[in-house]
Amino acid sequence: MKIYQNYPLSRTVREPETFRTPKNIVLQCLIFIAVFFVLEMAEGLGMMIGVMPRLMSWAREQIAVTGELTPEQLTEKLNTLLEDPEQTYIMLLATGLGTLVVLFFCRVIEGRKLRTMGFFKKKAGIQYLSGLVIGFVMFSCVVGLSYVFGGLQFETVSRNVTPMILVILLGYGIQGMSEEVMCRGYLMTTIMRHHNVWIAVGINSLFFGLMHGANAGFSLLALVNLILYAVMISLYTLRTNSLWGSCAIHSIWNFAQGNFYGLPVSGIDSGESVFRMSLKGSVLVNGGDFGLEAGIPTSIVMLIAICILLFIPIPFLDRKAGESA
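Counting in the numbering used here, the final residue of the sequence shown is number 327, and the numbers go up one at a time with none missing.
Don't take every hint at face value.
To be verified - Label-pair distances were calculated between CB atoms; the ranges are: (1) A66 <-> I111: 16 to 26 angstroms; (2) M166 <-> F313: 34 to 44 angstroms; (3) G152 <-> N198: 39 to 49 angstroms; (4) K125 <-> F313: 23 to 33 angstroms; (5) I65 <-> A126: 28 to 38 angstroms; (6) V40 <-> L305: 26 to 36 angstroms; (7) L312 <-> E17: 24 to 34 angstroms; (8) V40 <-> A218: 21 to 31 angstroms; (9) H197 <-> A218: 26 to 36 angstroms; (10) Q75 <-> R109: 26 to 36 angstroms.
Hints in this document: simulated from the structure, not taken from any laboratory.
Because the structure is a prediction, the values reported are computed rather than measured.
Idealized CB from N, CA, C, for every residue including glycine.
Please work from the sequences and hints to get the whole structure.
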């Protein structure tokens with residue numbers, strides 16, 4: 003099982019003078035947390051800018067009708083706009099600012115090249131397209147198991163899908179890349195610079211799970227499944243020696259969940275979808291308000307995927323260092 007230490011990406015980040023990062027793992031984690039907070043502020047600013055036209059329009063109408071506008075009313079309306087499923091695309095597109103924050107830190111502060119984050123040019127398109135297929139199939143397996151176990155009920159095929167769904171698909175492409183760049187491209191590879199690969203996989207997976215702690219319906223099983231997902235996607239990144247496929251898996255997983263099958267995405271309603279399915283039965287199966295990611299079928303699919311990535315030779319996945327330059 004070469005994956006413990008000796009895959010090309012782990013060797014790449016350990017090359018002398020590859021990039022600057024402290025050896026102390028606690029300091030590495032503290033720096034990550036600081037970068038994460040800057041990322042959150044950047045994305046929050048982007049969301050504010052996105053909803054500002056609607057907020058200002060509402061404020062003018064409110065003043066015209068009632069003659070007054072209190073800070074409490076303004077805050078309440080802002081929160082309503084940010085939680086509106088029709089505004090999902092703004093939230094998703096704003097995550098692009100977070101990606102820029104991480105890339106700036108890695109390129110300018112740490113002085114690293116994009117290849118140390120898993121961004122290789124060769125076969126990037128094939129990697130991404132393959133990730134889209136794999137991610138869609140994986141989540142469809144979760145849906146199938148949830149349906150068989152009695153946790154889902156098919157409602158209807160939507161007849162009012164608009165071109166906006168393509169904007170949301172683009173948004174999920176940006177959002178999925180943002181989280182992968184943050185957790186796998188940055189944190190995992192930074193820790194791998196001086197420490198064991200499994201330590202890097204474990205720490206980035208734990209942070210990934212905790213990052214979703216404020217989402218609606220978050221539970222212990224949701225945390226476990228998010229960690230399992232992060233372990234799986236970390237292993238996929240190492241096996242393919244590339245971050246492109248991982249970004250694609252993450253993006254299409256969320257899009258399929260919210261806007262293809264019409265289910266909550268980590269507790270968030272994504273708006274219009276191709277199909278409409280409703281939750282029924284035990285929350286242990288369907289995950290309740292958090293969505294299928296907090297259900298046992300997701301645990302099963304993630305554990306199977308992790309075992310495949312650990313134990314089964316797959317020539318397509320096992321990229322050599324020379325193939326990725």
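Do the hints match the structure? See the list:
1. Distance hint check for A66 and I111: the Cβ-Cβ separation is about 49 angstroms, which falls outside the suggested range of 16 to 26 angstroms.
2. Checked against the hint of 34 to 44 angstroms, the C-beta distance between M166 and F313 comes to roughly 42 angstroms, which is consistent with it.
3. In this structure the supplied range 39 to 49 angstroms holds for G152 paired with N198, their Cβ-Cβ distance being about 42 angstroms.
4. As the Cβ distance of K125 to F313 is approximately 24 angstroms, the hint placing it in 23 to 33 angstroms holds.
5. At roughly 51 angstroms, the beta-carbon separation of I65 and A126 lies outside the given 28 to 38 angstroms, and the hint is violated.
6. With their beta carbons about 35 angstroms apart, V40 and L305 fall inside the hinted range of 26 to 36 angstroms.
7. In this structure, L312 and E17 meet the distance hint of 24 to 34 angstroms, their C-beta atoms being roughly 26 angstroms apart.
8. Look at V40 against A218: about 25 angstroms separates their beta carbons, and that is inside 21 to 31 angstroms.
9. For the pair H197 and A218, the supplied restraint of 26 to 36 angstroms holds, since their beta-carbon distance comes to about 35 angstroms.
10. Separation of Q75 from R109 is about 43 angstroms and departs from the stated range, judged on CB atoms against 26 to 36 angstroms.
Hints 1, 5, 10, counting from the list given before, are not met by this structure.
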